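Q: Here is what each chain is made of, one letter per residue.
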Amino acid sequence: MLEVSLSAFYLFFITTLHSVLLKYFSFDFLKFDVAIPLLVYQTFFRRINWACVFAIISGFIQEGFSTCPPGTFVFTKVSIFLLCLLVRERFFIESEQTFALLCGLFYILESLVTIGLSLIMGGLTSSYMNIFTYLMPNGVFTALFSMILYRFFLRFNQIPGEKEWE
Amino acid sequence: MRSYIALSGALLALLISFLVLTNVPFFSGLYRNLGSFFAEISGRAAKMVDKPIRKMANYYEMYVDLVEAKREVIELRKKVELLSLENQRLKELERENRKLKMILEISESMKERTLVANVVGEDIKSWYKGIIIDKGKESGIAQKMPVICPKGLVGQVVEANRGSSKIMVINDTNSAVDVYVEGKEIRGVAEGTGFSTLKLKYVKKNEDVEIGDTLITSGKDGIFPRGIPVGIVVNVNKKTGGVFSDIAVVPFSDYRLLDYVLVLTR
Chain A
1 MLEVSLSAFY LFFITTLHSV LLKYFSFDFL KFDVAIPLLV YQTFFRRINW
51 ACVFAIISGF IQEGFSTCPP GTFVFTKVSI FLLCLLVRER FFIESEQTFA
101 LLCGLFYILE SLVTIGLSLI MGGLTSSYMN IFTYLMPNGV FTALFSMILY
151 RFFLRFNQIP GEKEWE
Chain B
167 MRSYIALSGA LLALLISFLV LTNVPFFSGL YRNLGSFFAE ISGRAAKMVD
217 KPIRKMANYY EMYVDLVEAK REVIELRKKV ELLSLENQRL KELERENRKL
267 KMILEISESM KERTLVANVV GEDIKSWYKG IIIDKGKESG IAQKMPVICP
317 KGLVGQVVEA NRGSSKIMVI NDTNSAVDVY VEGKEIRGVA EGTGFSTLKL
367 KYVKKNEDVE IGDTLITSGK DGIFPRGIPV GIVVNVNKKT GGVFSDIAVV
417 PFSDYRLLDY VLVLTR
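These protein sequence lines are chains A and B, in that order.
With the working numbering applied, the first sequence covers 1 to 166.
With the working numbering applied, the second sequence covers 167 to 432.
Using C-beta positions, here's what the derived DEER-type ranges look like:
{"#": "1", "chain 1": "B", "residue 1": "I398", "chain 2": "A", "residue 2": "I120", "range": "35 to 41 angstroms"}
{"#": "2", "chain 1": "B", "residue 1": "Y426", "chain 2": "A", "residue 2": "L21", "range": "15 to 21 angstroms"}
{"#": "3", "chain 1": "A", "residue 1": "L17", "chain 2": "B", "residue 2": "D425", "range": "16 to 22 angstroms"}
{"#": "4", "chain 1": "A", "residue 1": "L21", "chain 2": "B", "residue 2": "K236", "range": "26 to 32 angstroms"}
{"#": "5", "chain 1": "A", "residue 1": "L21", "chain 2": "B", "residue 2": "E373", "range": "42 to 48 angstroms"}
{"#": "6", "chain 1": "B", "residue 1": "L178", "chain 2": "A", "residue 2": "L101", "range": "27 to 33 angstroms"}
Worth flagging that the hints you see were computed from the coordinates, not collected in a lab.
Just so we're clear, the structure is a prediction, and the values are computed from it rather than from any experiment.
All residues carry an ideal CB built from backbone N, CA and C; glycine is no exception.
So here's chain B without its partners, still in its complex pose (with noise of 0.2 angstroms):
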């Protein structure tokens, strides 16, 4: 009897996931409020525990700074311990300066309204390229606006909670941008693969696009505006079938290392 009921609840969670897979709107609508409720608690949960780690972190990278400052004074015979312990901390002081003197600088030079958030999280699956941060909505976020970081475009949110955002990032099976290749006005769509390159789609082969060549954001799609850097050519490929060609580019931002990412709030 047992087994008849949760067999039966099983097949209605089946049934109804299904529906909200396919957006039927009546389900996806409660879905969308009970997902959220778990979502933001989950953010928030994140951006607690990665406080703690983050010191860590932190006091890890001073801790090695100070084995090799430690060399450094043991070979000049500990003269300058004291001055080269404070050298240490300066540099990690400089070096967190010119991180956010770039974002600074990035964000003013913006047209649009920029918000600068802490990465707290990373996606759980290999199946999906995003990252979590630790600003939503009370801070004006929401859905598709686009996330950039000093060296490039990121992504975009995908879900805007009250106090946490879902990033999805360029790399991503199910992100397009589309694009133009810089100072030669040729466009395409750059595809996420899921892996560390994207796809560059729809470029003809009679079009001249070369490797090295750095692509930009067009500002056609809707979401991203036109001119962020996107990537760089790494392989160009004309003797595949077909009209197009079969261009791989390598983003010039590494979702893996973000420390803090920029938020076009428009």
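For reference, chain A alone in the conformation it holds in the complex (with noise of 0.2 angstroms):
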């Protein structure tokens, strides 16, 4: 519970930094998603309950920034939760390249979630070619990102030597 309110408190931070910093230097490619390493995280190493509780807050957190249709977020940010269930009995993240690996390649699987949603919806987004064409850079940023926040959980002694099975 704890873990997971001062995880959701540090995304609300970093997301309200992002967004203001980006007022002033603002570049379409470091527009990379700071909840999904959070996210990765807390499946993988802690309590999936709580993984799950911070994933639909993540959500209302990143639609507070956003002037995407409501709903968006969420739906995305349950998705990659669920994605990550499925991948949590299948692999096993030992060193912080695989955790970037992994979160690279949420990022872009929640950019075809938004795709495919789109698609359904009709008219959520009529150009896929501005997510298309930020699908690369911004899994990389968001790679390289989860990159610095692995140290920062390993040097706080945050992700244990095994993965906590239920």
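Build the complex from these two chains, which are given one at a time in their own frames, with help from the hints.
A: Laid out in structure tokens, this is it:
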């Protein structure tokens, strides 16, 4: 509970800073996802019930800083949580590289979920080129950010030697 | 057992968010209240964080000016050091003054009631093009109000919270503005592409649109009043298939460079 609250607070703080700084250094490739590394960390190394709660909260927090249609980020973040659950049983994170790779891949999957959602809704976004253009650069930056975060978790001994199996 | 609880919770959240996306009234209403709570906090937090960063940016600008001034002073063998520093400070004030004067002039020329707002944040995703301003319902801002800057149209309010609002800029893929080609009375729709240019749609190939033509709002979409400059035509392609020309437009306003905007509160 406390850990999820702290993660949510941390996400809120980073997202606020991210949004404000983007006003001064406005580059679209710098708009990486701050929530995905935290969500992957919560799902892989912490209790999955709280990870689910975190997925929903992170969706709401990100929607607070975006002009997206309501419900978009809660949908995508919960989808990423479900995909994480699937991967969790078959994938072992042993280094910051694997963590970064996974976060980058999840960013790409999130973009694809958004495109899928757009296709279903018909008119959510009329141009998929916009999402495709920034898919790779934003995925790479998400992976780089997740490496920093992994080191941060490691420094504060938040990553256990073995995965916590339910 | 625990994973079943998480799984069912996640599936329920997925279903509810999907129903919200499809605009089912009951869920949309509930979600709007919760969403606006988060958006309200986000807006206020952005406003708080923006203050010191804005100050730092101003100091940085002053620092850059100072370095330049220092070079000048060395060139003049440090004879007019104090004078040039004073000059720099005045320049800074003049720049600020000019910016505010332009806003004031445009504000006075508009028939609608206008409200000046600070830009405090930008959309965190590259998929959507939007900005966050520091004025909301408390100041009389509501959804669908047009937002402009001294150069031209910026966008419209898509969400108004108590102390902050979200603006969808005209570059967003969900944005469409009814426009006229100035002086030609040719009508079309300027749609956002998600990039720095707009697309002028529904202009027939036999209509005389040229590179360099300017677009103004037509006032017929019920959101934007007539006569606000939108952008300039930079490319006209009539060789594509179909009835309509493929026209690219560069908007006059660049949302990335905005410090202040004007909201037309009617």
